[in-house]
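Engineer: Sequence:
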Amino acid sequence: MPHVVTVFLRNGGRVLLARRSEAVGTYQGRWAGVSGYVEGDPDDAERDARRELDEELGVREADADLVRAGAPVSVADEGREWTVHPFLFDARSRDADPSEELAAVEWVHPTAIRDRETVPGLWTAYRRVAPAVETVADDETHGSAWISLRALEVLRDAAAEADSRDAVASVARRLRDARPSMAAVENRVNRVMADSETDPESVRRRAEGAIDTAAKADDSAAARAAELVRERGFDRIATLSRSGTVLAALEAAEASALVSESRPGGEGVGVAERLARRGVSVTLTTDAALPGLVAGGGADAVLLGADSVLASGDVVNKAGSLPVALAAARADVPVLAVCARDKVRGDDRFVGESAGALYDGKAAIGTENPLFEVVPADLVSGVVTESGVLDADGIGAVAAEHAALAAWDD
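Residue numbers (the working numbering): 864 to 1273.
Source of the hints: derived by calculation from the structure; they are not laboratory data. Mixed in with the good hints there might be a few duds.
Cross-link-like lysine to aspartate or glutamate pairs, in silico, EDC-like; alpha carbons within 20 Å at most [said to hold, decoys possible]:
hint	residue 1	residue 2
1	LYS1079	ASP958
2	LYS1079	ASP953
3	LYS1079	GLU1114
4	LYS1079	GLU1236
5	LYS1079	GLU1090
6	LYS1079	ASP1195
Build out the structure end to end from the sequences listed, making use of the hints.
Structural biologist: Here you go:
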């Protein structure tokens, strides 16, 4: 039985679908992912997936990150049988150079697969790599902007398959409650449900629109922050953790970066590597050293992500943010939080998360290892969003809007 790869290339919540041309031997004119035969060991099919991305779209390894390899799908159609190995990659852009094997390509919501004439088993293959509630609940690597987009994708896909709004609402509640510290997850799920009618199709349409809007909001917040850095002439920016919005701002800001490793996950190392690959001058340091470096004049500004901005203006971010903000205040260095408006909570509730045990020995030792902490509003120079820098009144107005969204589940 032949083995093939099917690659779903994702950017901003949409995936690339390709219509097969007359140059291919099977399923001409049908829509598919990027596909091709496995030429080596099926257990190492990622090599074939990356080869097909390069050959059919000109997408090289540096242009796309592997998100997930799904369980193989057995397909039988018109006397033919084969095994599909599905893959999901995140593309850094929507640039593509289709080969002659592809008659057309489109960036669409994956739910479009259900309405098109596709190769057999395409929706099943997609669902093997699609995000799930567990993706949202268990992710310890990405920032809340990325995670909230995944939550909307889960809600969209669930609505496409659901036969009642109650079924969709059940998924929405699980998503809303999966990451209580991340306001964007709750606000974005609440908005879809609050704006939808009673049928799953309405939820699907609203979720698709919310995904597109959220992706643009995160990009716009990053662009605003980069513009502010350039306007104020900041030459060296300090940061910690892995905020995708801050990362995008640093890539565009034309400033050097001082990045802490961000224990326990070490996601700051990946941030430093990404910036270095983009030609940014970057220095990696330890979490413990970062406050001292900032206090000693090692940075012109501090950019923080925000897992939440409380209605009071306090910023919730990765543990380690508070000592950096205190050091910045001592050195008269501005601290800017960068995030989409959807990260503003409708209240002042702070729900912490633990990063795991610090000690597994036999002594009677208690541990505290919080993943997030609160940076008081008086230590934050501004909250940079897609609509500009929010002051206390602006944060309060957004908080009131978000508080009203939760009424869908009353």
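Engineer: Checked against the structure, which of the hints given earlier come out wrong?
Structural biologist: When the structure is compared with the hints, numbers 4, 6 turn out to be violated.
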